[in-house]
Every structure is written in structure tokens, then in C-alpha cells.
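S.K.: Sequence:
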Amino acid sequence: MDYLELIKRQPPEKEALVEDGISFSYGDLVCLAHSQSQNHAPSPSQRAVHVIKEKRILHQLVSFLACFLTGDVPLVVPWESEDFQRNARIMAGEVPEQACVAVATSGTSGAPKIYFRTYESWADYFPIQNEIFHIRRDSRLFAQGSLSFTGNMNLYLAQFYAGATVIAENEFRPSDWAQRIREQRANGIYLIPSKLLLLPRLMKHPNDQIGTIISGSQSLGKSDAEVLKAIFPKAEIILYYGATELNYITYITDDMMTEQRNLIGKPFPKVDVSIRGEEIFVSTAYCVEGISCPYTLSDRGAMDASGNLYFLGRSDDILLHRGHKVSAMKVENLLEGIAGVEEAAVCMAESSHWKEAQIVAYLIANSLTEQEVLAILRDRLQRYELPKRIFFVDALPKNASGKVDKMQLRMLE
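Residue numbers (this note's numbering): 1 to 413.
By construction, these hints were calculated from the structure, which means they are not laboratory data. Check before you lean on any hint, since a few could be wrong.
[What the hints assert, rightly or not] 25 Å max Cα-Cα, derived DMTMM-like pairs, lysine to aspartate or glutamate:
hint	residue 1	residue 2
1	Lys53	Asp254
2	Lys229	Asp255
3	Lys195	Glu120
4	Lys325	Asp255
5	Lys195	Asp379
[Claimed, not checked] If you anchor each label on the Cβ, the simulated ranges turn out as follows:
hint	residue 1	residue 2	range
6	His205	Asp255	23 to 33 Å
7	Val393	Lys14	54 to 64 Å
8	Gln371	Met407	24 to 34 Å
9	His353	Gly323	15 to 25 Å
The model shown is predicted, which means the values in this text are computed figures rather than measured ones. Backbone N, C-alpha and C fix where the C-beta goes; we use that ideal spot for every residue, glycine too.
With the hints as constraints, model all of the structure from the sequences given.
M.R.: Take a look at the structure:
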């Protein structure tokens, strides 16, 4: 089996994808993939990675499916990433015999890493994740963003496995999303929290057609869930923690969320999670090729007596400041808990006016001053944890997965 065969198993007339309001059936995707495969000759006996750099989701998906006709191993890369696209084949190295697709990590800093997946490492888990995410043949899931983000690619393919429909938007244009959700009769939404929380501010009336909201990659707490439930009263909200290397790790539903925004729930079925000295270790059969379990991403966490996992920050989250270790995530969560703060990013930054790098914070916020924010933080943080400067911005730079690109924030003008 491969993902083109998966598409072919669905009724050809069934709607598979609605891209920017234009509908494509499962049969359309198959025909487009066959047409695309005619544009390049099949790979030689030694299989190769085919780097897909397309702007539109439809073109990414069709090129991805065409690779199963030419014998290539597809890798979708971000449209904006010139250097990554140029070096991807070299970075990938030799293709494992059982590899079906190549995937790339998408962290907040550093160069992406390329891994390989077998068909079974994703597809065999689709029945389990679809049960948890309430994905059925009649599901119509609204999503936005590139398939270079493995979270998007995985959920698209899981939808197609179920014979469901994806309502996809290419552009980050939140003002259009509410209308598209209603027009296309979406009954589910998949967006990261920073995008998801834009919807209540843009929607004038509640939408009781949404039964499931899926989110990941960022934190989400009880108060956030209440804001979402006010506009989507019948939705179950599911926040997951996962990784390109490991697939799904833990999840939590809105009825179990608390004001602790770093609570990320219990392990998915068939996934084992343990903590060793604040480091999260995961064992799963649904991981990428070439790693052994228990595997750690060097993410930090803690578990309570009930088996709930609390996320304490990623490997690049710890800031070293004058001999002290400071958790950027801790400061960000405190900032995002302040009324009026929509989104926050904390990192070390350098300036010609300073002798050494300092902790700084960037906020998207309304009606707040730097002095007001620092006054609140002084009651909750140690002195060495306080940002030296707080900058108010209209937007934070994001990578293809929607995570804040902190590399762009580290050099002050």
C-alpha cells in the first residue's frame, strides 16, 4: 500500500479537498497525480528523495501522490525555504528500503532534520487517532497551512483514509475563515492555538455545526477553551502533543483542561511516556526509521500521580542568563495569562547598546505598557527571569508550521 492507493480506494465522486473554495473529488486527485507523473521519468533503480516546493496545497498534495507512480520518495518543503530546498537531498542521505515518505522537523530554531517513514508508521495508526479525533466519512475538517508541516500532512492523509473531506486554506487570512467554515459546512477545525483563538474575535454568531476542534504545537488552557466554547458551543476541544519523529504522544480534552496551560494530558493508546530527570522519553511503534525507543526529543516534562504530562519546555527553551537557567516557556505562559496579551515570545537577544545578550519579550497586546507588564511579572518571577525589555509588535514571525521563528527575533535593531 501507498497513499495514492489509499486515495484510489475511496469513491471517485466523493469530495476529498476544497482548496480556497474550489472542490476536488478523490477521482480528481488520482487523475491529477497521474498527469503530474508524466512530467518526469521514473527514478532509476536507486530510489531518490523528490523535493516538492510548491506554494499551493493542491500542488503539494498532487506532487506528493505522483511520487508513488514514479518510485520517488516525496518530501514537501516550505515554499519560503530556499537553502533548505537546495540542500534537502544531501541532508536526506540514503533512502531506507521500506521508506514511503520523507518528513522534516520544524522547530523554533536550528536547521530542520530529515527523517523517513514507512507507510505503516502513519497509516496503521489512523484508526486510533481518527477515533480520538472523531474523524469519520462525513467529517469536513477545516485547516490552514502548508503540507510541509507534518502535522498538516498527517491529518490530511488520516482524513483521506476515512473517506472524509478537508477544507483547506492556503493564505493566512483569518477574516475569511469564518465565512469559509460556514459556506463549506465544516464540522471540525484543525488549527494551532494562536490561529484558533483568532476565530472568536472574528465571528459574530456562534456556530453549533462544529463538533470537534483539534489543536497542537502550542499551549492551550481552560480559559482559552471557554472562549472557544462560547463561539463553538457543541465542540469538543482536543489538544495534542506530538513530534515529527514520534507521531502522537499525549492529548487532553477541554473538560480536563485547567489554568495550567502546560498540561498536555495522558498518552495516546499504544504510546508509553516516562520521565527521567525532567526529560521526556517516549516509546512507540509508530516512529520514523532509524531511531530506537525509548526516544527523547530532549523536551522537558513532569508527570502527576494520575499520569498526566506537564510540558516544561523544549530543548532550546532554556535561556542561560548570568549563570541562571530561565525557562522561556514559563515566562511566555505568564505573559499570555495577562489580560490583553494575545501572544508572547521570549528569547535571548543582542544589541550594540548592551555588553551581553539579555532576555527580551515580544508581545502582541492591547492597551498595555512595558511598565505595567513588568510590574505584573515582578510578583511572579525571580529577578534574573525578568525580561530586560518588552517590545510590542503587530505580529510575530512564524515558520511553515505556524511556530514563532525566534531566530528572527534575536538581533535587535
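S.K.: The structure should be examined with respect to each hint, and the outcome stated for every one.
M.R.: For each hint, the structure was consulted:
1. Lys53 / Asp254: At roughly 36 Å apart (the allowed maximum being 25 Å), Asp254 and Lys53 break the hint.
2. Lys229 / Asp255: holds, 11 Å
3. Lys195 / Glu120: Roughly 31 Å separates the two Cα atoms, so the pair is violated.
4. Lys325 / Asp255: violated, 34 Å
5. Lys195 / Asp379: Not satisfied, since the Cα-Cα distance of roughly 30 Å exceeds 25 Å.
6. His205 / Asp255: 23 to 33 Å: holds, 24 Å
7. Val393 / Lys14: 54 to 64 Å: violated, 44 Å
8. Gln371 / Met407: 24 to 34 Å: About 29 Å separates the Cβ atoms of Gln371 and Met407, which means 24 to 34 Å holds.
9. His353 / Gly323: 15 to 25 Å: holds, 22 Å
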